[in-house]
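Student: The listed protein sequences derive, respectively, from chains A and B.
Taken in order, the first sequence gives residues 1 to 254; the numbers are from the numbering used here.
Taken in order, the second sequence gives residues 1 to 122; the numbers are from the numbering used here.
Some hints here could point you the wrong way.
As a list, the in silico SDA-like pairs of lysine to any residue whose alpha-carbon atoms are at most 25 Å apart [as the list claims (entries may be wrong)]: (1) A:K137 - B:G8; (2) A:K53 - A:L38; (3) A:K53 - B:R45; (4) B:K99 - B:N79; (5) A:K93 - A:T112; (6) A:K93 - A:E109; (7) A:K53 - B:T94; (8) A:K136 - B:I37; (9) B:K4 - A:E247; (10) A:K136 - A:K93; (11) A:K136 - B:G8; (12) B:K33 - A:A120; (13) B:K99 - A:L75; (14) A:K95 - A:Y108; (15) A:K93 - A:W110; (16) A:K53 - B:K111; (17) A:K53 - A:S128.
Since the hints were made in silico from the structure, they are not lab data.
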Amino acid sequence: MSVTMQGQNQYQQAPAAVHAIYEQPAVQLTGLVKRYGLNKALDGVDLTFESGKVVGLLGHNGSGKTTMLKIIAGLRSPSSGTVKVFGMAPGVKTKQRVAFLPEVNAYYEWMTIDYLIDFAKSFHPDLSWERAEVLKKFMDLKGESKVGALSKGQQARLKLVIGLARNADLMLLDEPLAGIDPPSRARILQALVGEFRQEHQTLIISTHEVKEAEPIFDHVVFLCEGKVALQGDAEALRASTGHSMEELFGEVLE
Amino acid sequence: MRFKIDEGSPIYRQILETFIRQIACGQWSPGEKLPSIREVAEMARVNPNTIARAFQELERTGLAETKRGEGTFVTTDSNAIAECREDTARQIWTEFLEKIRELGFTNAEIKRLASGLKEESV
């Protein structure tokens, strides 16, 4: 009897706990400032990103996009202000749930793609081989190819394979489309849309190429010189302004 | 399935209208299963939350219904489909009238034009 009771209690508590995690914003930034010498890369940013959304972080080069992503990833610390990822300060605990895909490629050139996936799995135990296999096929990559021999578009696709195979709760993608050929861009966007799991995942994607990417955003943030120039729900902005996010990008940031 | 999207107006509404028109013209038959939210999202390269909203609105029109765990199906209610067909025709007709009136056509001229078209097609 007591065993059943205990079992029931656990069962009743589990959904509540899941609910609590889901209700929490994925990211909360308050009064965020980051100084590099005399320069302010971020100058008083207040933002909240709900869980289950795809966020477009839009701005020109040098607007503070990369700095913001690195702070959320826990790779930089803010000069002042607070950062909360799933309600916690960025650290070991949040890093297990966050995947950061930098713009520059940091992979060893001598590795083959399969070796690299194995290598990545050694420090990201959540990486799924099955998912990596599916994504590799979708991205038209061969396991035996050497990283150093890949084109820029193939390298960008490989980065996505490894990032998406982790299925992290928060994915931070820094300029995943910059300088990449149109077929690769289309593939990347299709994979992002197909793999995104709104039940638990949040994506923050920085880009200055808005046109192709904008249909995949729920929420957009326009960053200008370290400040938020405009933010909101993409569909609501379309309805209220009659403009695309690309057009708003031009209006707000130029 | 191809989607032409104008990013300057809400995307969910365009997806919704695409499905309404396709159901109206019989491209999907009564009771037929529609592609899943994820399939449409991938085809159109649009956020799945946006597609989900379009599907919700489609259900509200009564043209489709979602069966839990099975997917979304076109309604088998032939009246609802007939009504949708009429609504769509009326919408196209209104758009046409607006455009042709911009050209300065009067009702009599429009009628003359319409009867001429009828003879041409016979």
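Student: Against the 25 Å threshold, does the CA-CA distance of K99 (chain B) and N79 (chain B) hold or violate the hint?
Tutor: violated (30 Å)
Student: Does K93 (chain A) pair with W110 (chain A) here, judged by a C-alpha cut-off of 25 Å?
Tutor: Since the Cα atoms of K93 (chain A) and W110 (chain A) sit roughly 32 Å apart, the hinted pair is violated (cutoff 25 Å).
Student: Compare the distance between the alpha carbons of K33 (chain B) and A120 (chain A) with 25 Å, and conclude whether the hinted pair is satisfied.
Tutor: Measuring from Cα to Cα gives roughly 40 Å; hence the hint is violated.
Student: Holds or violated: K99 (chain B) with L75 (chain A), Cα cutoff 25 Å?
Tutor: violated (57 Å)
Student: Do the alpha carbons of K137 (chain A) and G8 (chain B) lie within 25 Å of each other, as the hint requires?
Tutor: violated (34 Å)
Student: Taking 25 Å as the top limit, are the C-alpha atoms of K93 (chain A) and E109 (chain A) close enough?
Tutor: At roughly 30 Å apart (the allowed maximum being 25 Å), E109 (chain A) and K93 (chain A) break the hint.
Student: Under the criterion that the straight-line Cα-Cα distance not exceed 25 Å, is the pair K53 (chain A), K111 (chain B) satisfied?
Tutor: Given pair K53 (chain A), K111 (chain B) is violated - Cα atoms ~52 Å apart, limit 25 Å.
Student: Does S128 (chain A) lie within 25 Å of K53 (chain A) when you go C-alpha to C-alpha?
Tutor: Status holds; Cα separation ~22 Å.
Student: For a C-alpha distance cap of 25 Å, please report whether K53 (chain A) and R45 (chain B) respect it.
Tutor: holds (15 Å)
Student: For the pair we were handed, K136 (chain A) and I37 (chain B), check the Cα-Cα distance against 25 Å.
Tutor: holds (23 Å)
Student: Taking only the CA atoms, is the gap from K53 (chain A) to L38 (chain A) under or equal to 25 Å?
Tutor: violated (34 Å)
Student: Does the structure keep K136 (chain A) and K93 (chain A) at a Cα separation of 25 Å or less?
Tutor: violated (29 Å)
When held up to the earlier numbered hints, the structure conflicts with 1, 2, 4, 5, 6, 7, 10, 11, 12, 13, 15 and 16 and fits the remainder.
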